[in-house]
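As you go down the protein sequences, you meet chains A and B in turn. For what it's worth, the numbering used here labels the leading residue of the first sequence as 14, then goes sequentially. For what it's worth, the numbering used here labels the leading residue of the second sequence as 128, then goes sequentially.
Hints were generated in silico from the structure; no laboratory data involved. Check before you lean on any hint, since a few could be wrong.
[Claimed, not checked] Below, a list of computed lysine-lysine pairs in the PhoX-like style, where the Cα atoms sit at most 25 Å apart:
#1 112/A <-> 152/B
#2 232/B <-> 152/B
#3 774/B <-> 112/A
#4 676/B <-> 496/B
#5 284/B <-> 232/B
#6 739/B <-> 862/B
If you're wondering where the values come from, they're calculated on a predicted model, not measured in any experiment.
The lines below spell out each chain.
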Amino acid sequence: MELLLAILIGILFTAAVYLILSRSLLKVILGTSLLSHGAHLLILTMGGLGGSAPPVLIDGVTDFADPLPQALILTAIVISFGVTAVILVMAYRMYSVHKTDNMNELRGNDEHD
Amino acid sequence: MEFVLLIFLPFVFAILVPFAYKYIKGIHTGWFVLLVPLVLFGYYLSFIPLTMDGGHAISEIKWIPTLGIAFTSYIDGLSLLFTLLITGIGSLVVLYSIFYMDKKKENLGSFYVYLLLFMTAMLGVVQSDNTMTLYLFWELTSISSFLLIGYWYTRDKSRFGALKSMMITVFGGLMMLGGFILLSIMGETFSIRELIAQAPDLVSHPYFTSALILILLGAFTKSAQFPFYIWLPDAMEAPTPVSAYLHSATMVKAGIYLVARFTPIFGTSSTWIWLVTGIGLLTLFWGSFFAVKQTDLKAILAFSTVSQLGLIMSLLGAGAISYHTTEAMFAFATYAAIFHLINHATFKGGLFMIAGIIDHETGTRDIRKLGGLMSIMPLSFTVALIGSLSMAGLPPFNGFLSKEMFLESMVALRHFELFQFDTWGILFPIVAWVASVFTFTYSLYFVLKTFLGQGKVDQLPKRPHEAPIGMLVAPMILASLVIIIFFIPNVLGKWVIKPAVMAVQPTLYGSPADIDIHVLAWHGFGSVGLWLTVAIVIVGSLLYLTIPKWQPLYKLQPAKLSLNEGYDALMRGSEKGMNRLSRAYMTGLIRTYLLYMFAFLSVTVIAVLFIKDAFVVDMNSFAAITLYGALNAVILLLSIGFVVFAKSRLAAIIALGGVGYSVALFFVIFKAPDLALTQLVIETVSVALFLLAFKHLPALNEHGETKKTKVVNLIISLSVGVMVTLVALSSHSQKLIPSISQYYKDTVATEAGGGNIVNVILVDYRGFDTLFEIAVLAIAGIAVLGMIRLRVSRKETTDENK
């Protein structure tokens, strides 16, 4: 399972980076979302995917999943939502001011160097 | 008392100067400043009895003990001589500046701050025993020189000159730092004394020659030797007191000091002797030859300073020969170098002050406009005449004595039979003699053209009259020293010169008294020096009288081929080249920067993984693949594909939702119910947010991405993907340290009284993290609100370039 997940994560990252490098602003945002999904799964996989029960203390259950990665990911999910929201609104503002979503046209000009 | 602290006295005093300038308007700030060098001069005089016996004094404050860096003040004959020059000439220059710098028109606050800063730096250079602090003070002299040259910063020429001097001397300083570091590797110490003690062992070290050349580069740039001298004439844009102090008497002699100080280490090397003597003589000739070309009084003096520095340098080089021969003549050369150094400070300081007075009283320094000032400014004329004749090498002035010693040393070089000196040695006295002829010529040119001849007095910018007496005091003191030293050279020799010579060549003498040199003005008719001097006077006078006939020869040199042109081209070229270079990789496109980062990240991580053998896959530790897991993986893959290849915005956003939901399903499969719940909620809200925003965003458009950019993007993204996969596998397969999860599992019931471990970690163990996470969300919310609600009216005038 870990091998499968590792490959999936690699594909997620590949797709995310490919989108981030594109010229369309919306694609860049989609890319950052994929990137955070990939990161979450990466943390989970690093900790190990074994464990037959959720990490809740119930009498008689000893083999439960690793709680630590889950706690980290829970924080990360919420933060990545905040990031997505800000980026989206920023893109919206940028488009309404500059009338373009072409990353090549959004470069600074010489006067702002 | 720790006298090393006195180095910092001017610096500390500098803090008070701006207040004195601001609040005590009635008194010229210079009077307060004058106290500093006077007190220091008086104090350092008390060391003379100590160094006369060949002793030395050390005072140290630790700075970075772990690295062996300390402020160490080491006073022996050589440092003391320079210290006295710095404080003595410093007092006179400050006195002179009180009358030169108008207290109403000039910003004296900053002027004296820079000057005091320089004083500290220079004292530090000549007293430091630690090469690292020596370097620190060395660069501080460059900086204060930069500030002083650029003092009238509204003038283009001042700024240009300041930058030029800074570029060249700091370049040399960096080279010197390299030399010091090599020396410290060779000798495993930063202390110059300790390095000198192990000098015989250092000679055979492979770094020896590199260190030698690097340190000489530092000395040659600072002391304006050929071809680095070009900054000195441009430094003449500084106020005249500064020119007299930094650019003739003290700072430019720091290079001389460095060469003298390191002679015990490098002096035995033939490279050292050839370079120091050769470059010195070349500079001597070059400077004296081009001095006659100049029309600006200060420029003449600048070239003359260059040439005189070359003279002292060549004498130090010749003095180093005394390590190879017992011939007394070469010990004599070091003596002559130190002697001429003092003499030069006295007569050149005075001449600079006179040039400043002429500028001050007539409004011009152009020698073509000047003439006939003798009757109007008799006192200035007398001082200028004394200085010039001393510079020309005539009796009864001190320059005569040291010039004659110089000629005799150079003649002696001819007989020296080592390092091919027997073949080329004949060149040395010839070059020296020719340069002395030109020295004689420009000395006459300087004083006679200004003060004699027909007066064009009424055409001058100002109506000239004699300078105020206060302004004349300092040059008159220097001029009287010029004469006094001629009559008592051996007293001076005993007090300061012999101790200094002893410091330059410590292994040759037991005590300063052993140096068997007695300076005489008259050696009888048989002396070579006498006849050379006579020939110099005759040929030099002839040359002076025929200046109008041969001066046009200078025009033969094409302007394009001058060293200054070379410097300008270098500066322009590097400016352009650097601009082009940074523009080549700083494209302003986010994609470019991200490409650099991703490429660097993936390449380094993969490389480290394999170089360090960190890539391990432990198949046994893997959990079994379940049916649901495999099915979900297929869903995830399909969704990713849709996101990437979707043609419309809506499809892409829905596919992104699909990715999120299948990730949530993975959380379910891997026994993480809290994550799954959160992910589902967040994903739903995110998709809603996307749908809201997409209405305001344009349709997906490739914006003309070419195949090439796409391929590059794909390669980079693939390498990132591979990197992440490898990291995921190896970090799972090898646990180098035990997981801290066990701690939570063990204590969650006893310490926190909870059952859901993930929740307890978040709200209890890592409660503050969660609190700040909420804060981040709140800030993001405010940012979102702000960007939607606030409208900044676009003001066209905010761009300052328009």
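To see whether the hints hold, each was checked on the structure:
| no. | hint | verdict |
| --- | --- | --- |
| 1 | 112/A <-> 152/B | 61 Å, violated |
| 2 | 232/B <-> 152/B | 12 Å, holds |
| 3 | 774/B <-> 112/A | 21 Å, holds |
| 4 | 676/B <-> 496/B | 19 Å, holds |
| 5 | 284/B <-> 232/B | 20 Å, holds |
| 6 | 739/B <-> 862/B | 16 Å, holds |
When the structure is compared with the earlier hints, a violation turns up for hint 1 alone.
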